[in-house]
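Start counting the sequence shown at 1; every next residue gets the next number (this note's numbering).
Among the hints, a few may not be true.
Claimed, not checked - Cut-off 27 Å, straight-line C-alpha distance, at most; resulting in silico cross-link-like pairs (DSSO-like, lysine-lysine):
#, residue 1, residue 2
1, Lys-387, Lys-497
2, Lys-322, Lys-300
3, Lys-276, Lys-288
4, Lys-152, Lys-251
5, Lys-322, Lys-345
6, Lys-140, Lys-59
7, Lys-306, Lys-140
8, Lys-507, Lys-447
9, Lys-251, Lys-276
10, Lys-251, Lys-306
11, Lys-568, Lys-545
12, Lys-196, Lys-247
13, Lys-276, Lys-243
14, Lys-196, Lys-227
15, Lys-227, Lys-255
16, Lys-22, Lys-255
17, Lys-42, Lys-447
18, Lys-360, Lys-407
19, Lys-472, Lys-387
20, Lys-255, Lys-288
21, Lys-251, Lys-360
22, Lys-22, Lys-42
As the list claims (entries may be wrong) - With beta-carbon atoms standing in for the labels, derived distance ranges:
#, residue 1, residue 2, range
23, Leu-313, Leu-457, 47 to 53 Å
24, Glu-617, Leu-652, 51 to 57 Å
25, Val-39, Pro-580, 34 to 40 Å
Source of the hints: derived by calculation from the structure; they are not laboratory data. All figures in this text were calculated on a predicted structure; none of them were measured in a lab. From the three backbone atoms N, C-alpha and C, an ideal C-beta is built for every residue, glycine too.
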Amino acid sequence: MKQILIFSGTTEGRRLAEVLCKSGILCTVCVATEYGEMVMEKLEGLTVCQGRMTAMEMKSFITEGDYLAVVDATHPFATVVSENIRISMAEGTIPYLRLKRDTKSKLPEEKNIFYYSDSHECAQALRETAGNILLTTGSKDLSIYSRITDLKGRLYVRVLPEPHSVSLCYENEISGKQIIAMQGPFSVEMNEAVIKQYNISCLVTKESGNTGGFLQKIQAAENTGIKVMVIGNPEGTEGLTAKEVCKELEKLTGKTLMGEEEMQIALIGMGMGNLKLLTGEAEERITKAEVIMGAERLLKEIPWQKEKVPYYLAKDIIPYLKENRVNHAAILFSGDTGFYSGAEKLYEELKKEIGGGGLKAEVSIYPGISSVSYLAARLGTSWQDAKVLSIHGREANVSEAVRANRKTFLLVSGVTDMRTLGSMFITAGMEDIRISAGYQLSYPEEKVMDLSPADCLTLEKEGLYACLIENKDAGKISVTHGLPDTSFIRGKVPMTKEEVREVSICKLGLTKEAILYDVGSGTGSIAAECARLSESIQVFAIEKKEEAAELTRENRTRFGLSNITVVKGEAPEALKGLPPPTHVFIGGSSGNMKEILNCLYQKNPKARIVINAITLETISEVTNLLKTLPVEKEEIVQLQVSRAGITGSYHLMQAENPVYIISFFFTEDRRGEKE
């Protein structure tokens with residue numbers, strides 16, 4: 001079979017050659033420089049030719065080689081080379097395919113980005129700037145900038161670490177510290193370091209797309225507040241994507257190319273960050289990967305010279321993998337892939353894409369060492385008997401978890417969270433707990449501290465924290481609801497009495513994942529008792545009076561209940577925008593009972609409702625509504641509570657007002673509605 005000729009020198013060209021060779025198709029790759037030859041992987045069926053050619057030399061080379069097709073995979077800014085390739089093939093019959101790089105990128109809305117049609121226009125614009133200039137456009141067009149006297153002394157040129165590029169710098173009187181000879185790809189942090197090291201005021205780059213590290217340069221410039229001057233892609237819209245080129249070659253060769261078929265995607269847990277803790281299998285997958293994705297913090301820890309793309313969300317990763325044909329991709333996650341990790345969601349999205357035929361790949365997960373496991377080892381303790389929570393980018397009812405468990409492992413976002421924890425525990429009267437905090441675990445600055453809640457308030461160092469919180473009194477707390485009335489901050493606001501409160505909560509029949517509305521929350525006693533039952537219960541306390549709403553907030557703080565949301569407003573209007581409830585307690589309706597119940601039915605026609613009524617008017621209204629509403633299992637209980645008071649040497653019973661507790665389920669079966 002005839003060979004495929006690829007004019008390369010780019011990542012896209014290298015990948016195409018790998019796909020062809022692994023599919024059993026011979027190919028010859030032409031590169032201009034020694035560096036281009038050096039980075040080509042040695043593959044069976046691959047021939048690499050190094051050296052620059054004129055159009056006539058290209059024509060002779062193509063004719064003598066008798067190729068099946070010619071692919072132009074040169075850099076989008078190598079316009080002269082592409083033009084020579086087209087000229088050399090003008091009179092031939094061999095198919096010509098232009099593999100075009102997508103250079104359009106999603107840029108931040110930043111006023112400091114300016115576009116120019118070519119290097120000449122950009123160089124003239126630079127004359128109007130002040131300060132040092134970081135030129136990242138390579139050595140080929142260096143003379144355009146260096147010939148301008150007032151620019152030459154301000155130029156810091158980043159070029160490939162190969163003789164030809166460095167010699168061009170010297171030819172253009174750029175020398176010494178003005179030459180930054182480095183091999184990419186460059187992360188945002190690396191770009192920032194160069195900008196700061198050389199006190200750069202303006203960065204010049206080509207619009208080279210994601211593969212060329214364009215976004216990383218833009219982000220670094222934005223982070224450091226400097227100007228960016230972009231030379232736009234000189235190519236038009238002509239050309240084919242990598243996928244389209246492969247399809248054309250499949251038609252010409254009659255073979256199925258294996259690049260897409262063999263894509264292996266590895267989701268890798270990186271542990272805390274120290275590469276010494278990376279599992280052997282995970283390291284093998286990273287080493288084998290052609291492209292590595294993940295957050296910038298993780299990518300900068302990878303020492304291997306790989307293409308690094310700062311994507312960690314499915315909406316960015318999946319389109320990239322579909323557009324760029326690679327055999328092996330590694331996607332990095334901090335900690336362990338099964339512990340509060342984004343790996344699970346990405347895995348589901350990838351499997352969905354694969355199942356729908358949009359991506360041909362196999363996905364594997366490689367776990368890492370979690371900070372909980374690492375901290376437990378440092379402390380010489382176990383974690384199988386502990387409650388594990390995270391407030392790193394999420395919410396959790398920490399105080400209740402600590403109150404109920406002797407050991408609680410907690411992931412936090414940073415020092416601000418640590419101070420918040422200290423304040424929360426002090427407010428909740430939990431000053432006696434002990435906190436073992438791990439700071440920058442696995443890094444050189446690692447430190448494990450024994451803290452009290454008060455100590456947490458004094459922490460200043462920003463960084464990554466993980467905690468073990470120990471409460472020796474955890475086994476002493478009650479496993480049922482039933483707080484005395486004196487536990488609550490009350491003020492002058494009416495409160496559901498203890499006995500009525502406990503029976504009403506029993507009638508609610510709350511489940512572990514319940515979403516409860518407490519309508520007319522008053523002091524928030526019902527809301528607080530329900531929220532204490534489980535940290536996974538969400539409570540929305542709706543109260544129209546500011547004094548009462550503030551009391552609910554105070555009691556929420558008193559008990560450290562982060563799973564209570566106070567909604568200031570009158571029902572049913574205040575219910576708009578809230579998630580549908582599974583359970584509702586109505587302690588006060590302000591005359592809007594019918595409207596409230598209709599609104600609740602629209603939100604969830606299967607909700608459990610419990611109503612407290614004291615006045616005969618409310619009892620009459622509710623019983624009439626039960627005749628028309630689609631409900632089932634309705635129940636009305638009258639509760640009369642008498643409490644003994646001491647008068648002299650006698651105990652005399654003092655009666656409270658009788659309370660009606662009305663409970664029922666909404667039902668979707670409206671056939672049971674009464675006329």
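Between Lys-251 and Lys-276, is the straight-line Cα distance small enough, at 27 Å or below?
-> violated (47 Å)
Determine whether the Cβ-Cβ distance between Leu-313 and Leu-457 falls within the hinted range of 47 to 53 Å.
-> violated (35 Å)
Does the alpha-carbon distance linking Lys-322 and Lys-300 stay inside the 27 Å limit?
-> The given pair, whose Cα atoms are some 25 Å apart, holds under the 27 Å limit.
Decide if the proposed pair is consistent with the structure: Lys-140 and Lys-59, CA atoms, cutoff 27 Å inclusive.
-> Distance of about 24 Å is within 27 Å: holds.
Does the alpha-carbon distance linking Lys-152 and Lys-251 stay inside the 27 Å limit?
-> violated (51 Å)
Are Lys-472 and Lys-387 close enough, with their CA atoms no more than 27 Å apart?
-> holds (14 Å)
CA of Lys-276 to CA of Lys-243, is that 27 Å or under?
-> Violated, at roughly 38 Å.
For the pair supplied as a hint, Lys-276 and Lys-288, confirm whether the alpha-carbon distance does not exceed 27 Å.
-> holds (18 Å)
Measure nothing beyond the straight line between the CA atoms of Lys-22 and Lys-255; if it is 27 Å or shorter, mark the hint as holding.
-> Holds, because 11 Å separates the two Cα atoms, which is no more than 27 Å.
Is the hinted pair Lys-227 and Lys-255 satisfied, with a Cα-Cα distance of at most 27 Å?
-> Violated, at about 49 Å.
Hinted pair Lys-568 and Lys-545, Cα distance within 27 Å = holds (7 Å)
Satisfaction of hint between Lys-497 and Lys-387, Cα-Cα up to 27 Å = violated (33 Å)
In the structure shown, a violation is registered for the earlier hints numbered 1, 4, 8, 9, 10, 12, 13, 15, 17, 18, 23, 24, 25, in ascending order.
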